[in-house]
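J.: Here is what each chain is made of, one letter per residue.
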Amino acid sequence: MFPLLKTGAVMQYPAKRTLQFNTDAIRFLDGTEQRFRDNPSVLHRWTIPLDLLDEAELTALDQFFVSNQGRFGSFEFTDPWDGTVYPNCSLAQDTFAFQLSGEMRGKTTVTVCENRT
Amino acid sequence: MIYFPQLSSGATGQFPMTRRRENRTVVNQSRQGYQVKLADAAAAITDWHLSFEEMSDQELAALEALFQAAEGRLTPFTFLDPTDNLLAWSEQQSQPVWQASTLLALTAGVADPMGGTAAYQVSNPTTATLTLQQSISAPASLDYCLSLYARSNQSTALWLVRGSETDVRAISPQWTRLISAGQLPDTADSISFGIALAPGSIVDVFGMQAEAQIAASLYKQTAETGGVYPNARFRDDVLTITTVGPSRHSCELDIVNVEYL
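First to last, the sequence lines map onto chains A and B. Position 10 (the first sequence) corresponds to 10 in the working numbering; numbering is contiguous. Counting from 1 along the second sequence, just add 117 to a position and that's the residue number in the working numbering.
Some hints could be false.
Unchecked claim - In the SDA-like style, the derived pairs of lysine to any residue whose C-alpha atoms are separated by at most 25 Å in a straight line are:
#1 B:K154 - A:N68
#2 A:K6 - B:A332
#3 A:K6 - B:G226
#4 A:K6 - A:Q63
As the list claims (entries may be wrong) - Restraint-style ranges between C-beta atoms, simulated for each label pair:
#5 B:I358 - A:T18: 17 to 23 Å
#6 B:A245 - A:V85: 51 to 57 Å
#7 A:G83 - B:A128: 41 to 47 Å
To be verified - Derived list of chain A stretches under chain B, where covered just means 3 residues or more per stretch with a C-beta under 8 Å from a C-beta of chain B:
#8 33 to 41
#9 54 to 62
#10 93 to 107
Calculated from the structure, these hints are not laboratory results. From a predicted model like this one, the values you see are computed outputs, not experimental measurements. For glycine and all other residues, C-beta sits at the position ideal for the given N, C-alpha and C.
Bound conformation, chain A alone (with noise of 0.2 Å):
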């Protein structure tokens, strides 16, 4: 389970959440096109930047993405806007990077993906 904050929410502002098609498109010569979808639906993606976190909420992160061998493991995601569960996601890169500027003043940022199931 994605590990939550101290205050029990996922997120901070500001949030970013993509929802991507993937569409193929043919131009002929006269200039009509065909498109065509080449994924049956839509994915969700959400970019987490998180400041102002103490070491234990870091360490549960850090944890999390040790746990899943970096974008390798899925686990399922409740997406914070409308609460509906995803149940085939994961990390979107390899890498998870923290910043501690002082004591409770930890920064990183986690992008979670839907993958096609």
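Guided by the hints, dock chain B onto chain A, whose structure is given.
T.: Positioned in the frame of chain A, the structure of chain B alone reads:
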């Protein structure tokens, strides 16, 4: 053993510091967006960017001595992550890294002070003192801080084991964070941390944490690896030092831990 030195404050790093973990996953993606993934755990890299300001002559000399002993990025040294708990499996005392005396009884799933059930009940049914310890491969001569949460309805004291030193701490039915910190006159290449229970004691324990510093920070849960990196190296062959006055030095450096090297 060559190891990354502590500052005179007992700290290994200064703020700001950055730690980055990098894994390698081989991904084969189809046109429809389906993915087949293969993890390559052996290729994992951890690196730190450390900035030091206002270092004294002695602190700089220790850092330079390490850089020369390691010959830049050539040879590895032991690095104790200043942002992590040095003990592995901090919430699974049944793992082999924990050395429990034979007759010590451990019961998992006890309510912990963070609202979970990750605490352990540790009981000593014998007439001798029994211990639960974990040994790490790190120089015993550094400053260390052992911390843990404990409570007991029956016992009033618990011994904290930090290398060759044992500190007794009072406990009560309420969860209390116990701390044992300091430096030992010991030149061994390993050090043990844990608890010792008097005969007949029953104690609930949670969140054992060892850090290479003089005070405890917030508890950090660990799994199969703690914050001890015996195969760390300097990332660069160059160490640049800026001196702005007598005994006022600063530098920035990158340390990388790559298991496959």
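J.: Need the status of pair A:K6, A:Q63: alpha-carbon distance at most 25 Å?
T.: Since the Cα atoms of A:K6 and A:Q63 sit roughly 16 Å apart, the hinted pair holds (cutoff 25 Å).
J.: Quick check on a hinted range of 51 to 57 Å for B:A245 and A:V85, using CB atoms only.
T.: 53 Å, holds
J.: Given the hinted pair B:K154 and A:N68, is their alpha-carbon gap at most 25 Å?
T.: Distance of about 12 Å is within 25 Å: holds.
J.: Check, residue by residue, whether the region 33 to 41 of chain A contains three or more positions whose beta-carbon lies closer than 8 Å to a beta-carbon of chain B, and give the verdict.
T.: Result for this restraint: holds, n = 3.
J.: Are B:I358 and A:T18 spaced within 17 to 23 Å by their CB atoms?
T.: 45 Å Cβ-Cβ, so the 17 to 23 Å window is violated.
J.: Next pair to validate is A:K6 with B:G226; report whether the Cα-Cα distance is within 25 Å.
T.: With a Cα-Cα distance of about 22 Å, the restraint between A:K6 and B:G226 holds, given a limit of 25 Å.
J.: Is it true that the C-beta distance of A:G83 to B:A128 lies inside 41 to 47 Å, as the hint says?
T.: Check passed, 43 Å falls within 41 to 47 Å.
J.: Holds or violated: A:K6 and B:A332, Cα atoms, limit 25 Å.
T.: Roughly 23 Å between the alpha carbons, so the hint for A:K6 and B:A332 holds.
J.: Counting residues of the region 54 to 62 of chain A whose CB is closer than 8 Å to a CB in chain B, do you get three or more?
T.: Check passed, 7 qualifying residues.
J.: The region 93 to 107 of chain A covered by chain B? Criterion: 3 or more residues, Cβ-Cβ distance below 8 Å.
T.: Our answer is that it holds, as 11 residues pass the Cβ test (under 8 Å) against chain B, meeting three.
Consistency note: the structure conflicts with earlier hint 5 alone.
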